[in-house]
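Participant: Kindly produce the complete structure, drawing on both the sequences and the hints.
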Amino acid sequence: MLSLIFVFLLFAGRVSASDAKVSQDEHRHTESFLTSLWHNRLYLYSAAALVFGVWFSLKVALKKKSFSKPVGPWVYKAVQNNDRPDSVEYVSGVKIFYGSQTGTAKGFAKELSEEVKTLGIPVEVTDMKDYDPDDRLADECTSKSVCVFLVATYTDGQPTENAEWFCKWLEEASTDFRYGKTFLKGLRYAVFGLGHSVYEGHYNTVGTNVDKWLWMLSGMRIMTRGEGDCNVVKSRNGSIQADYQAWKGKFLDRLQALAKGEKKSGNRDSKTGGSCKNQREDGHVVEEQEEEAAPQEVSSEEELMESSSDEDESGLQDEKKSGSVVDMEDLGNIMNSMKKAKSKEEGRGGGQMVKLSKLNGVKKTEDEEERREMITPALREALTKQGYKLIGSHSGVKLCRWTKSMLRGRGGCYKHTFYGIESHRCMETTPSLACANKCVFCWRHHTNPVGTEWRWKMDPAEKILQEAVEKHQSLIRQFRGVPGVKPERYEEGLAVKHCALSLVGEPIMYPEINTFIRLLHSQRISSFLVTNAQFPEEIRTLVPVTQLYVSVDASTRDSLKKIDRPLFKDFWPRFLDSLKALGEKRQRTVYRLTLVKAWNVEEMLSYSELISVGQPDFIEVKGVTYCGESSASTLTMANVPWHQEVVAFVQQLADMLPQYEIACEHEHSNCLLIAHTKFKVAGEWWTWIDYERFQELVRAHEESGGQRSFSALDYTAKTPSWALFGASEQGFDPTDTRFQRRNKTKDISGC
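Offset between the sequence shown (1-based) and this note's numbering: plus 151.
Any given hint might turn out to be false.
[Unchecked claim] Listed below are the simulated DSS-like cross-link pairs for lysine-lysine, each with C-alpha atoms no more than 27 Å apart in a straight line: (1) Lys589 - Lys608; (2) Lys731 - Lys536; (3) Lys257 - Lys608.
[Unchecked claim] What follows is a list of derived Cβ distance ranges for each label pair: (4) Gln766 - Arg859: 19 to 25 Å; (5) Lys731 - Asp286: 44 to 50 Å; (6) Asp404 - Tyr330: 28 to 34 Å.
Think of the hints as simulated: they come from the structure by calculation, not from any bench.
In this text, a Cβ means the ideal position worked out from N, Cα and C, and glycines have one as well.
Facilitator: Printed below as a string of structure tokens:
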């Protein structure tokens with residue numbers, strides 16, 4: 152532009168100087184001037200370029216001076232104080248989403264929200280079922296919020312009920328071209344999954360999938376996915392609560408860094424553009440302009456490396472802390488390090504395993520002292536609140552409500568009606584709180600641990616029995632002087648005569664279960680052991696017990712999976728083999744059927760087929776007991792059958808079994824007994840037990856080294872008339888007084 156003006160002025164001057172000349176010379180002079188300009192055009196171009204360069208340089212210098220002076224201190228103060236109206240906001244808030252079935256994830260979400268509030272950051276807790284991701288999730292990409300997903304894995308690796316729709320939408324969106332691969336670009340998120348490593352193949356699959364689907368939609372993971380393990384043996388920190396606490400600490404540190412606008416810690420490699428901060432002469436750190444307005448995105452290599460929760464022990468701490476870009480030639484070394492760390496971890500876990508031997512003996516390992524206790528501090532607190540008296544690291548004892556009832560002369564339980572047990576002298580205990588099932592009707596609401604094999608520290612059988620009796624007696628002593636308690640029954644109750652190994656869990660999992668049973672018999676205490684039909688070999692090697700129960704909660708594979716929710720993948724073959732093992736026993740055996748209305752009461756023919764497999768001596772049929780609302784189960788009062796419905800079911804079932812008849816009834820417990828006709832002698836039922844005779848027989852068996860055997864018919868006793876089916880008493884002992892509770896909360900404890 153300046154060069155054109157300069158040319159125009161020169162041309163105008165020449166024209167004005169030639170005004171006095173004659174018109175005939177005008178054309179000649181003009182032509183001469185234009186020729187001169189053409190020959191000197193390079194000088195004109197150079198002059199114009201010089202003028203333009205000087206002008207542009209002055210303009211840039213003035214703009215830089217006016218901009219740099221106020222920006223540096225303002226940005227620094229905004230980051231440090233966050234108190235100016237034009238401060239930079241890096242985190243507008245935290246949104247916590249939870250998918251929970253038993254309430255654990257929900258509790259973690261509330262706990263995390265309280266921690267975030269202490270940092271002065273707005274926080275919102277959201278149930279996934281109340282959130283529409285199709286309409287709202289994309290908004291989180293531009294809101295500068297951080298989204299946290301606390302998700303549990305439920306049956307068969309599926310999401311919990313309240314997270315089903317959210318996960319379904321996220322999965323479909325991640326592969327739907329209509330959303331695109333960048334649909335959630337800008338979304339910052341963190342994931343913590345809750346699971347149980349015993350469920351091989353399904354461990355924490357929901358947390359893993361949510362993390363993957365968000366990443367596929369270009370979401371930015373701000374930290375490594377966390378994994379909480381309910382299996383105290385495999386849990387990295389000893390329990391799922393401890394796993395969560397460790398992850399939460401890292402998340403809060405990362406959140407504070409994001410709130411200050413800091414990049415991922417340690418990302419200072421020169422390959423990525425040098426240091427992310429400049430050091431001023433006065434010692435203050437000043438964030439660079441524009442580039443630090445948002446946290447640095449994690450490189451694709453780092454995103455891939457963050458798909459595991461094994462960060463702390465993977466051998467890659469130094470690489471992760473340096474934040475350097477991973478070269479392709481180094482990727483193989485890194486993957487080998489991860490594999491070695493994983494193998495080391497698996498070896499460490501495998502060294503703690505104690506499998507049940509064929510002789511039910513103890514199979515110890517060198518690092519037995521390093522095994523974890525079954526009862527974690529949180530579990531100990533929960534069980535103590537429920538009234539359990541815990542013994543050592545894996546056992547417990549508790550008073551049955553029927554023990555309390557019979558102390559007052561208000562009647563005994565159905566075992567008293569069917570088999571003559573004195574309920575006030577019965578000790579309900581277990582040497583193993585762990586179980587291999589997570590039944591929907593579990594009256595312990597799944598507070599006990601689960602597992603498929605013994606992998607914990609183990610207490611000796613002598614200690615368990617001694618403390619069980621002492622703690623049971625201390626519970627009985629609490630009834631001394633209580634109004635209504637009969638003095639003679641109080642004194643009898645202090646002397647334990649029966650032991651019901653059915654408190655909770657799977658007693659047969661305890662490696663020294665045979666030793667424990669022998670100790671019971673040595674103190675002339677009868678044994679009633681209940682197993683969930685998942686350990687056939689342990690049933691076969693079990694020493695004689697007074698009465699052996701197998702829970703038959705369903706008659707088909709699908710219904711058993713739905714009701715018992717077993718941990719074993721081969722649960723159905725194990726179930727059938729357990730019934731066969733029961734049929735090989737010579738002592739008293741029992742099938743225990745629990746009827747769940749609308750779930751398993753229609754499977755009559757299948758039940759009859761299962762009975763033919765094990766040929767039990769007795770079949771107890773009991774309506775399910777509703778134990779209150781539980782987020783771990785969908786069971787309601789609608790699933791509890793009326794006594795008349797149970798009677799109708801039992802009558803139909805007995806008609807299908809040629810060698811069985813209905814023998815006894817206990818209306819109060821909504822329970823009936825079907826007995827093999829071999830216990831009906833001369834038209835009279837002999838379902839009760841001669842306990843003194845049993846103790847003589849089992850002592851002779853032990854003294855002979857197992858050579859002298861005996862059968863269920865060797866220790867029978869006559870059943871009283873009031874206990875028989877069809878009697879007017881309906882199974883209530885006439886020596887006691889029936890007590891009807893009114894307007895009081897029902898006590899659901901007991902067997």
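Participant: Run every hint past the structure and note whether it holds.
Facilitator: How the hints compare with the structure:
no.: 1; hint: Lys589 - Lys608; in the structure: holds, 22 Å
no.: 2; hint: Lys731 - Lys536; in the structure: violated, 39 Å
no.: 3; hint: Lys257 - Lys608; in the structure: violated, 31 Å
no.: 4; hint: Gln766 - Arg859: 19 to 25 Å; in the structure: holds, 23 Å
no.: 5; hint: Lys731 - Asp286: 44 to 50 Å; in the structure: violated, 56 Å
no.: 6; hint: Asp404 - Tyr330: 28 to 34 Å; in the structure: holds, 33 Å
Checked against the numbered hints listed earlier, the structure breaks hints 2, 3 and 5; every other hint is satisfied.
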